[in-house]
Structure formats: structure tokens, C-alpha cells
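Based on the sequences and whatever the hints tell you, model everything.
Protein chains: 4
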Amino acid sequence: MAKVELPLIAVNFKTYPQATGERAVVLAQHCESVAKEYGVQIVVAPQTPDLFRVSRAVDIPVFAQHMDPGDPGRYTGHVLAEALVEAGCAGTLLNHSENRMVLADLEAAVRKAERLHLYTIVCTNNPMVSVAAASLRPWAVAVEPPELIGTGVSVSQAQPEVITGTVEKIRAVNNEVGILCGAGISNGADVRAALNLGAQGVLLASAVAKSDRPAEVLRDLAEQVVRE
Amino acid sequence: MAKVELPLIAVNFKTYPQATGERAVVLAQHCESVAKEYGVQIVVAPQTPDLFRVSRAVDIPVFAQHMDPGDPGRYTGHVLAEALVEAGCAGTLLNHSENRMVLADLEAAVRKAERLHLYTIVCTNNPMVSVAAASLRPWAVAVEPPELIGTGVSVSQAQPEVITGTVEKIRAVNNEVGILCGAGISNGADVRAALNLGAQGVLLASAVAKSDRPAEVLRDLAEQVVRE
Amino acid sequence: MAKVELPLIAVNFKTYPQATGERAVVLAQHCESVAKEYGVQIVVAPQTPDLFRVSRAVDIPVFAQHMDPGDPGRYTGHVLAEALVEAGCAGTLLNHSENRMVLADLEAAVRKAERLHLYTIVCTNNPMVSVAAASLRPWAVAVEPPELIGTGVSVSQAQPEVITGTVEKIRAVNNEVGILCGAGISNGADVRAALNLGAQGVLLASAVAKSDRPAEVLRDLAEQVVRE
Amino acid sequence: MAKVELPLIAVNFKTYPQATGERAVVLAQHCESVAKEYGVQIVVAPQTPDLFRVSRAVDIPVFAQHMDPGDPGRYTGHVLAEALVEAGCAGTLLNHSENRMVLADLEAAVRKAERLHLYTIVCTNNPMVSVAAASLRPWAVAVEPPELIGTGVSVSQAQPEVITGTVEKIRAVNNEVGILCGAGISNGADVRAALNLGAQGVLLASAVAKSDRPAEVLRDLAEQVVRE
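Chains as they are written, first to last, in the working numbering: chain A, 983 to 1210; chain B, 983 to 1210; chain C, 983 to 1210; chain D, 983 to 1210.
A hint or two may mislead.
One copy or two, it doesn't matter: identical chains are merged, so the pair holds either way.
Said to hold, decoys possible - Pairs of lysine to any residue residues, derived as SDA-like cross-links and limited to a Cα-Cα distance of at most 20 Å, are as follows:
#, residue 1, residue 2
1, Lys985, Ser1015
2, Lys1192, Gln1000
3, Lys1151, Met1110
4, Lys1094, Met1110
5, Lys1094, Val1084
6, Lys1151, Arg1119
7, Lys1018, Glu987
8, Lys1192, Arg1056
9, Lys1192, Gly1055
Note that these hints are calculated values from the structure, not bench results.
Okay, here's the thing in C-alpha cells:
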């Protein structure tokens, strides 16, 4: 499994039509090109049915958007770690605001991913929940105030205290977990602000996935990461 | 999209290790071989991350194990109809006992599948719930008493009244929906009993997916369907 | 248990501050006064912690806002039929849009309520889901297009086809179930329109529960029911 | 609101027939008698519809078995903090294994309870989840390995490392939160073992609620707490 490094740009494809099926492959290839061009870490998170076709097509890490806990056998319709590994995934988002998890399931999923060497990015909604998530020892936490998701108003510029609060609270108990931020991130200035506030990367979706020129958007983001 | 016909054998791969990743492809190919050998309709339902690789590898219909309602855009981690179509699916199971759905979501998912020309098999737990499901006008209903799932004790032999009750109640209001039965189906005798009771096919999982010789098991099942 | 009759006005107290604790008792007493004054059937649905104190204080039927299926023993935090009976309830709402239920649980809850002689009103969101709900044989179905709930735009005037469609589809399969309508019902004209379209009553909340003069609002509603 | 003190015996009434309706009042009165007799802190957690009648009848603290986050208005069928206060509750259990909560909702519920001066006991399943729960700053955490719940095999005797691990991990980050243990606690020896391992109380259910002589069972438990 390729190593995933910080700082990082994580692109959530959500269920955008522009990022579904073969178009998910094309978008992932744009991400790969910019990652290589700038030497920055970009990871992509396509829909579950697209994981296999995307992971075969690109060399950058492919993350699932969600993973269920539980061991193989039953669980019809669940997305287990074993299947993600077989589909070529390097990791998974967990607890996205559009797919919140029960605390015990979240912990079980982080442990399961750990055993199967999958990277985990746990999404959270505020500093205190971020600390709780960090105490489960995932690979990274991504704080995203839900009210800003999809707005184009970036958390790093509109609510900088969410990022600084999260960084401060997490670092008091855990020095190793990665800290990302999301919600409203759409350009290089947002990335710059996030990194300046102590985040080690960003999780974003619509600004890239819905753009007519995703490579341009990605270059603008990547430039700020390179400056790090 | 290939037409799916009744009577039918539907094989749910659940999350069995023997039916994950490349082994899902191999199992689907066994299903395809037997389907062609006997001229019977067999459909396979692999895990969501395996749908694309399986649908590329076989000509028999590939069903998802679950589908969420909702339209493209948000819904991180959800499995939408649009992505299933792109992954080559012919249809989807809905409301499996390991993945029950809220009534309004189930109806929305059936409507959405209809618009995208996906076949739907709605799983139910008893005759009265089967009627409710049938009234939503899916393509088929599969009644599976949860207490028999995975036991090897077949519903068609242990609880024949569940099948006859379901057939009778559904036919009083809906002449078109397919009626399948599941739970504990493991051999030709179980299939024969099911068909004799008025079912138009079976939904099964472990007997095929966990077998060392799945093709043999499938031939035993297929022979009874051919006799129909 | 007092008999509950159609036509009917059902007042959902939701979690309005004006309808919590002792204020729930006062509001229920207003409902009782108007019910007696006009000789119309009014039922009240206060929050679960308020059921006992309200049922002791009034003679009109008290409904829970939700009930879980399941038998006594485990289920910490669940609201079982047995406890509702002990709290003096005559029945329960089920599957409200703010508390949707899994289809199999909904059926189990209707059966359980039946055994304990509790009246059930199953909320639904459109005509087809209403038919599915009706096929489970609850005491009544209340169709409420979610997009109109709490708007003051009444379903009976804005979307009359939802009511006529529901009445027609349900009556094709079930002559006994009560048919109510909700969403945006706020005055006598809305009630009149609903009854004219074939509904046998209304389910409403904010227009009564948030009013400074709930008795006046109720009288306006009751007058139309009396005219029936 | 009466102050709740540690060490503590918390009695979860679950949905036992012996602890429903008027029998919940009687059981709570037994708890109150023993609490006064021994001068130990006992709290009771009856079902939601019984909260009002129990809190009126006894002076010991009454806890809900579950509370939903969310502010008054919508949320039909939800159990909000405001209604618990009106029903005379001193606090609430949260995240019981039979009623697990989404992480973000759990945090929101703890904050809401804090604002309304309700005590919170968050149930957890292992040491790591206990730390996550403790980082949300509830009043107390109760660790209960789900596989022991209702077995009569006590966590304090069968899995002492769960308690010591929980105490150690929590105290590394939070010196103020109470630490209880549950699962299989049924007699004084179990309580003694729990207290010796560093727990500040126990959460139990069936041993008291299903007993023919609950007061005797409670005395056996209380004696060990007094010795503390």
C-alpha cells in the first residue's frame, strides 16, 4: 500500500454526476496529474461502486467515502474493510456529516481499518467532537462545521476559531493524528488560511468535483500546499 | 439492459470472504456457466465495491445488495441508482433483513429505480409486510423469515404457510409483481417446494457462496427451475 | 378504553415549549373543552414524558407521538406499548415524518398495538406509501406531504390531489381504515376542504399548539367537523 | 435540583414488566428506602412514560434512559431535555448499548443537558470508547461490555481489565468525570470488586428490576458502597 503523507488535499466526489462512473475516473486522473505536477499529496474519495475502476486507473491513493464496521459473513449491503482492500483502496472517510456513525461503530471501524492497514479520516463537526474522534486514534480527523458544507464560505476564513480550537484541543491529547479541515474550502486562499491556522490539509468536494475546470482549481490549491 | 425473467435464482454474495473481490468474479462466473448450461435465469448480488468488476466479467444480470434513495449531489457514502447504472447493474435488492429501510425511503428507492430502469427485489419478513411492499410496485418481493436466514432450514419446507400466505395476500392486490422466497434455501428440494407453493424463484446466499463446489449446488437448484 | 371515533381532529403537541409539561396539560384541557362544547372527537398527542400527567387530567383520548415495536425486557430508552397503556394512552402516532420507521418495525408496532388495544395512526408522505401503510391494517393513516408540514400552506388546499389520490388508492384495497390528512392545516377552511375531499379528519400541530388562543383555533376547526 | 453524589448505584428499569407503570413507582420506592437506610446514593432510570409519576413519588434522583439532542419545536416523538426537566428528572443515561447514539448527537445531547443542569451518564462498550465519551465532558461514563449485559457474569469479576483500563485511560485526560461500570453486576461482591478496581459506582438492571425481593438485593449492594 502506498504511504499517504501530510499535508494533504482530499477530494470527496460525493454523488456528483460529474464524478460518477467513467467521469469519476477522469476526475481522479486530473487529481493525479496535478499531484504529480506539484509533488503534493492528493487523495480521491469516489462513490463505493466506482472505487475499483478508479483505483485501477490512477496511482494516487483512493479512499472510500464510508466504511461499516463488522466482520465478513452477514451484513448484506454493508461496505466492509475487506472489500475496500480488494477494490484497491488505501483508506476511507468515516463519519461524514452526510453519513454519521454511532460512536461504538466508529471506534470499531477505526480498529478494523487499522488491522487491514487502511488509512482513516474521521469527519467531525466541532472542536470537542474532534477531540473525541482523535482519542479513537484514527489516522486523521477532518473538522467540518456542517452549516458551511457546500456553501463556498470557507471554515478557514469564516470560522478560524473552529480550526485553532480543534488543533489546540487535539494536540493536548494526541500528537500524532493528522488534522484536516473542510467545509466551504474552494480556493488557494482558503487552503493557505487553513494551513496557517495549523491544519495539515483540507477536505473538499464541490469546488473541485463540480468545476468545469477541476485541474485549474486543483492547481490553485496545490500551490499553497507546496509553499508549506 | 438485459431483460430479467421469472422464474429466477438470485444469489446474494453477502460479505462472504469466498465472494469478495476477485473471488466474487469467479463465483459470478460459476453462476453464469450454470445459467447458460440450464437455460435458467440466475442473478448475482455482490458487494457494492465489487459491482463494477463483476458486471464487466459476466453477462448475467448483476444486482446491488442495497440502494439508497436520493438524488445526485450530496449523500456522501450513499449508494445511488445513478452509480449503480454506471457500474453495470441491472437491479438491486432493497430492504434486506440486514439492511432494513424506512418505509418512505423504500418507496422513494423503488420509484428512483423505476425511472432508471433498474429491477428491484424488495425483501420482507412476513406475508403482511410482503403485501405492503408489493403495493409499492417493485419488480419483485422476496419473503424471508429472518429467523431462518443462514440456518439451512428452508422456509419452503419449514414454514410453507409463509409462502402460500404471501402469494395469496399479494395476488389479491397485485398480479404483476414477482414473488420469491428466501431463508434457509440450500438445495433443489427447497427450490422445488418453493415453486410448488407458488413462488417464482428463490433468493439464497450461504448455500452457494460458502460452498466449496458452488457450481454443483447451483446445478441442483437449476434442475428444479428447468422442470418448471 | 374509550372508543375513538371518526371524523377526528388530532393535535400533535410536537416538542413546542407551549405544549410541554404543565402547559401540555393546559393545552389538552383546551382541547377537551372544545371537544365537549362541539361534541367532536379531538385527540391529543403530547410528548412521551408528558403522557401520564396529561392522561390523568383529561377525558379525551391521549395518543403517544411514537411507539417502538419490541417486547418488554431489554430496549432501554424505547417506548413500548405496555408502558403507553400504563400511562393511560388510547393510541399512538407511528412513522411521523420526524420519526420515520423501518417497514418491518412499523408492521410489528401496528400488530403490537392491536394486541394491546391501542389505536394507531400511521403517518405517510404520499398516496402510494399510504396504501402500503393501509395494507398493514392500522386504525388510520394520515397523509402529510413533508414539504408542507409547518408551513401554514394546507395540503387540502395546495395539493388536493394528494388527498383524493390517497383516498382512492386506499379504498381500492381497504374499506375500514380511517384516512386523515395533515401538513399545513391551520383553520376551518382547511378542515372543510379536507373533509370534502374524502378525508375523515385532520392531524395538525403548530396552528393549535403555538397559538396564543388555541381554543379559538380549535373552535374554528370543530365547527367544520360538526357540519359533517 | 438535588445534587447527585459519587459513589453511586444506578438502577436501569429497562422495559421490565416488573418496573413499568405503577410497579415502577413501587420499585423506585424500594430504591429510595434503601438509599435512606444506608445513606448511599441510588438513582433510578424508569421508562420515559413513567418518569413523571416516579419523580413525583420519590425523593431520590430520577434519570431518563435516553435523551435526544435537538431544540424544542419539531422532533415529534423525540425526548428532549426540556421535557425531562418538566417531568422532574435529575439527569439521563445516554448511548446505552440498546440505544446507541451518533457521535455528534451524543456531544450535542451532553451540551444540551449541561445547559439545563441535567446529569449525564454516557454508556460505553470498552476503554477506548470510554475515553472518547469522557472527552465530551459528561458527568459520568459507565463502561459496559455488551457481551456481559444481562448475563449475571459481572464485568468487575470476569473482565477486571476493562475497568482498570477504562479508569487509567480516562484519568490520563479527565480527572473530573465519574466512572461507573455495568454489565452483569448482581450482588455486593460485584460492587466491591468494581469499587476496588477504581470505579465510583455501578449501573445495573435485571438483578434489581427482575428480583422478587429488590430491597434485599439493593441492601447487599449498598453495604459495599457504605464501606467505601
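Taking the hints in turn, this is what the structure says about them:
1. Lys985 to Ser1015: For Lys985 and Ser1015, the Cα distance is within 20 Å only inside one copy (18 Å; across copies 41 Å).
2. Lys1192 to Gln1000: within (6 Å within a copy, 38 Å between copies)
3. Lys1151 to Met1110: both (8 Å within a copy, 18 Å between copies)
4. Lys1094 to Met1110: between (24 Å within a copy, 14 Å between copies)
5. Lys1094 to Val1084: Both, since 15 Å and 19 Å are each at most 20 Å.
6. Lys1151 to Arg1119: both (14 Å within a copy, 13 Å between copies)
7. Lys1018 to Glu987: The answer is within: 14 Å in one copy meets 20 Å, while 49 Å across copies does not.
8. Lys1192 to Arg1056: between (36 Å within a copy, 12 Å between copies)
9. Lys1192 to Gly1055: between (37 Å within a copy, 9 Å between copies)
Checked against the numbered hints above, the structure breaks none of them.
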